[in-house]
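Build out the structure end to end from the sequences listed, making use of the hints.
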Amino acid sequence: MNNWTKLAAAIAAVALVAGCGSGGGAGDSGTGAVKASNDLVIGRTVAVDGMSGDSCYGAGSISTMPMIYGNLLTNKPDGSGVQAGIAASYDYDASARTYTFHLREDAGFSNGSPVTAADVAFSFEQWRDGKTSGAYYDMIKSAEATDGHTVVVRLTRPDTFLPALLTWCTSTVYPDRYAGKTPEEFFAEPIGAGPFAFVSWQNPGPSETITLKKNPHYYGAPNGEPHVDTVITKTSADAAQQMLAFQGGQLDLIEQLTADEGNQLAPEQVRIPQPSQARDLMLNSKRPALADLALRKAISAAIDRQALASVQQGYAVPAEGILPTNVPNSVPPTKPYTYDLAAAKALMAERADTKPVTLAIGFDGSSSTVSTMVQLLRDQLAKIGVEVTLKPTDSATVYSMGSSGDFDMLISDPSAISPTVFDPISFVLTAWYPWTGADTKLMKEKFTTGTSTTEDAVKDAAVRAIQDDAQEQSTVIGLVNMSTAFAVAGYVEGFTATPFLSYDAAAIRIRTGR
Amino acid sequence: MSPLLRITDLVLETGPAAAPVRPVSHVGFEVAHGEAFGLVGESGSGKSLTLRAVIGLLPEGVRQAGGTLELERDGAMRPYRFAEVRGRGIGMVFQEPMTALNPTMRVGDLVTAGPRARYGWSRRAARSRAVDLLAEVGMPDPKAQARMWPHQLSGGLRQRVMIAMALATEPSVLLCDEPTTALDVAVQDQILRLLHRIRTERGLSIVFVTHDLGVVRRLCDRVAVMYAGQVVETGRVEEVFTRPTHPYSAGLLRSMPTQDTPRDRPLAAIPGGQPGAGDRPEGCRFAPRCGHALPACAGLAHVLAAVPGSPSRSACIRVADLGGPPLDREALLSPLPGGTA
Amino acid sequence: MIHSGRFGFVGRRLLQAIPLTLVLLLLVFAMLKVVPGDPAMQVAGPRASAATLQAIRVQLGLDQPVWEQFLHYLGRIATGDFGTTATGSTKVGTLIASGAPVTLVLLAVSTVFTVLIAGATALLAARRPDGLVDRMINVMAAFGVGVPTFWLGIVLLAGVALPTGAFPIGGWGDTPATVLRAAVLPALALSVSVAPVLMASLRSGIVEARRSEYHAAAQAAGVRGWKLTRGFVLRNAAVPPVSLLAALTTLLLSGAVVVESTFGLPGLGLSLTQAAQNRDFNVIQGLTLVFSLAVVVVNLVGDVLVAFLDPRVMV
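Respectively, the protein sequence lines represent chains X, U and A. Residues 1 to 514 (UniProt numbering) make up the first sequence, in order. Residues 1 to 341 (UniProt numbering) make up the second sequence, in order. Residues 1 to 315 (UniProt numbering) make up the third sequence, in order.
No lab work stands behind these hints, which were simulated from the structure alone. Glycine residues also receive a C-beta, built at the ideal position from the N, C-alpha and C atoms. Some hints could be false.
As the list claims (entries may be wrong) - A partial selection of chain A residues facing chain X, derived with a Cβ cut-off under 7 Å:
1. A44
2. G159
3. L162
4. G264
5. T288
6. S292
This is the structure in structure tokens:
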């Protein structure tokens, strides 16, 4: 036996292991394609934050929570508003400051128990008291089950935001008193009234696998929903590997598809919803140079947003204002952004102190689109004499730079996750405005107006005022609006991509050829 | 005595094939059964290379370019392949016991590595044979020492192990490449005694390469003197040492210090130095330094010829029967003392 | 064969590991406190109110003085409580328990591949030093070291897994057979960058051994073929590579992070980078502990192996 034999043995071993068993995957992803088994395998790059609604924060949770748990209200597929969920209907009494929810009678938890008003009342209390997300529910004073399928919710103040809030992934309906388990036990094996029941959560973390199976007691069961038997979510950190897995038939659906990935696929495999994610530039007006409004406006005028959008060709459009578009009540400012280099230079000359300016920009360096955009920005701002130094870091540092005020410029993406523009507005109001030193008076006032009225015209006017005010102050500047796309295999039917990060998994069918 | 090993016309080359350098050219000698044969010369004479060539263990870059190597088997002298005779017929003892024993093997395993590979000895048989062999070479505590590592033994003991390793395969010829050079005199003496005893007990032939004439005198029956890659004289040890037949041998012997050598005068050295492998002259290579050289020496082709009145053979044109004007043998010898130490 | 001296050696080294690990934990802890980034904000998001963030900080124990936090942490570790992830959803102990086997299998298979590749190529190269094959292997070795692991991973996925269907395109398995199959390509990507270093060391050791007197002595005694290579070449040449391999294993460990990311493997390396991005203290500390212990053990095993192989080494 010599070295050749060793080498040959090694190769033989590998070949043996490789040869055992068939390869993976269904057929090709063409339109005539079928998949052998009636299960949906989803790929994503963001892990869930946990199995409780309270912890729901990232894209992974936003997608998974509604599959397991039911919501009282859900998003209309076209994103134009809310529709019935476990709550068949609701009434709002502004003067009494109460909401009355009428629950449907056929909703059932995966353990067989029907969903009753007691469960819903219990859930309201959990949301209000949640350690992480409880603050969003501060309009809730109390919730009471008045009969088996009616819940009355009393508010601390007039509020029209609640219906939208109820579609959020944090508004998960739990069995009353967690079906007799401790919270820890319950969330280890959650029981929800959503289309799918929890089976397992393996290797929690960046490479986790979540397995769900059909919930026979789901209220959509009479319609045959959900149509697939099993949902398996595979999380992976590498987008390129996910693409390959999709092409090899190991994944049926990819969430959060980027432009680079989408461009590698055939057009019929990609679903690009309307752009609904804003990407904004923050200018710290507490810094000496940026305290000058003329500089901030000059910067805004000098940005060629079309060029920035072309970085993600087909997946991004130039922004008109600071807020995400294609979200109900989102309206552009009176004067959308224009690219005017001459005006920018004029503004630069109007500054009180005309010294040359050097600014540092912090951003998430791990995102290639952000990095490319930042470099374009640098070149564009150089034309008006603003020198930009790049400071790539990670998202945690970007946030901490923001909250500590230790920055000149930052890039961030406040995105919408519910059918109302007041969601990202609240984000700007509580975080970015204070961090950039903007005056919050007008925004606060308009936010309250908008969230306490039910009239669209009033809401629209309030939003427009907010957009104009943002332009005036120019501490938060809109850059582009982006879509997060999905990759869909040919045998997947019934999938509708919404502008938000969630979709109705119950409506999805797999063409099995049977 | 019938011949056991015969080397004929050995040529070793190194360097590019177009312009080779020959560290050893046309070397030949014969070793009889049970005979101790010395191969003597200064460093650079090619004696070690010659020995390694016998068993085919030439260093990298050196190759055999000519000559025949024959071993007597089944009553006839036959050329052999190295793979046949290594560990079966020919054994070798190396110079540096420090480096010649594998530091990662126990002494006992090392000694029997050859026969286990060659004859397929079982582990158990090997273990007891190892102890026997170590006892044969005079190790003071064979059983314990068989389990020891080489670095735990002294130089003399290591050399004994080396010898045991060479003996393990029951060779008929033992090649010894300066086995005592790296040892101090007292230990040297022991090893020589050992070799002598083994030779007698086993009836081995020995080819002993050394630069130490005294050792040759002690151990060997016959000797070949090498100079600059060639054999210049062969003969019985007593003959060569008292009545050398080549000016080089005479000069060597003269320069050896003895008890009678006066201490207040420099040793009688041969003027000049041995030419390196690259700059060897045509004809007799010793001629440039030889006090008895003639113009004819420069054109002399190398041949070992019979010497009238002596059993030795010589390459000197003036001593051997080669047609040169004879040299007074007395002149060659004086002032040679009557015997060496 | 292993006498008491060697047992004592092992014991002493394990004891040395304790202060080493403590210092490492302290260093990591200090670094985490200095680095910008708020764990509470990573949990709740930047829009969370100050009150929420503060509440989360209290829950995570971040409101206590730093030295107190560290001592409490040490105390919990001593009882085996590694805490939970920042979102509170998973115990760090569970995270480690589920991720460790993955990373371990990956490292084990990589080590095997590394040894096989290095061994085979070293023997090939050493056959004729400075010959054509030797030179070619050296060029390939330079390529192997230089090629980025994530690129190689994608190439393997696209060029081997996708067309042949013989290996999963990323992801792990759930039975021993599927696990091994899933580990092949990632382990290969990992070992390609590390094997050349081992190969170079082994090759020069082999060449040196082949030129040695003891090799010639063994040949003279009739040992040849595989027995000669095994007993008089590899055994001697293996000593430096073995200690090198121990050092390389730590390199494999850091390479495992990249490979786990590229192939989507649920191992510890990826958990660590994610935890670092999220400033998840408990996970970072827990994994640091695990990794430092792993490095200590690997080096220890390497040293013991060397002592085993080379009797001249005194322990």
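Going down the list of hints, with the structure as the test:
{"no.": "1", "hint": "A44", "verdict": "holds, 5 Å"}
{"no.": "2", "hint": "G159", "verdict": "violated, 10 Å"}
{"no.": "3", "hint": "L162", "verdict": "holds, 5 Å"}
{"no.": "4", "hint": "G264", "verdict": "holds, 3 Å"}
{"no.": "5", "hint": "T288", "verdict": "violated, 16 Å"}
{"no.": "6", "hint": "S292", "verdict": "violated, 20 Å"}
When held up to the earlier numbered hints, the structure conflicts with 2, 5, 6 and fits the remainder.
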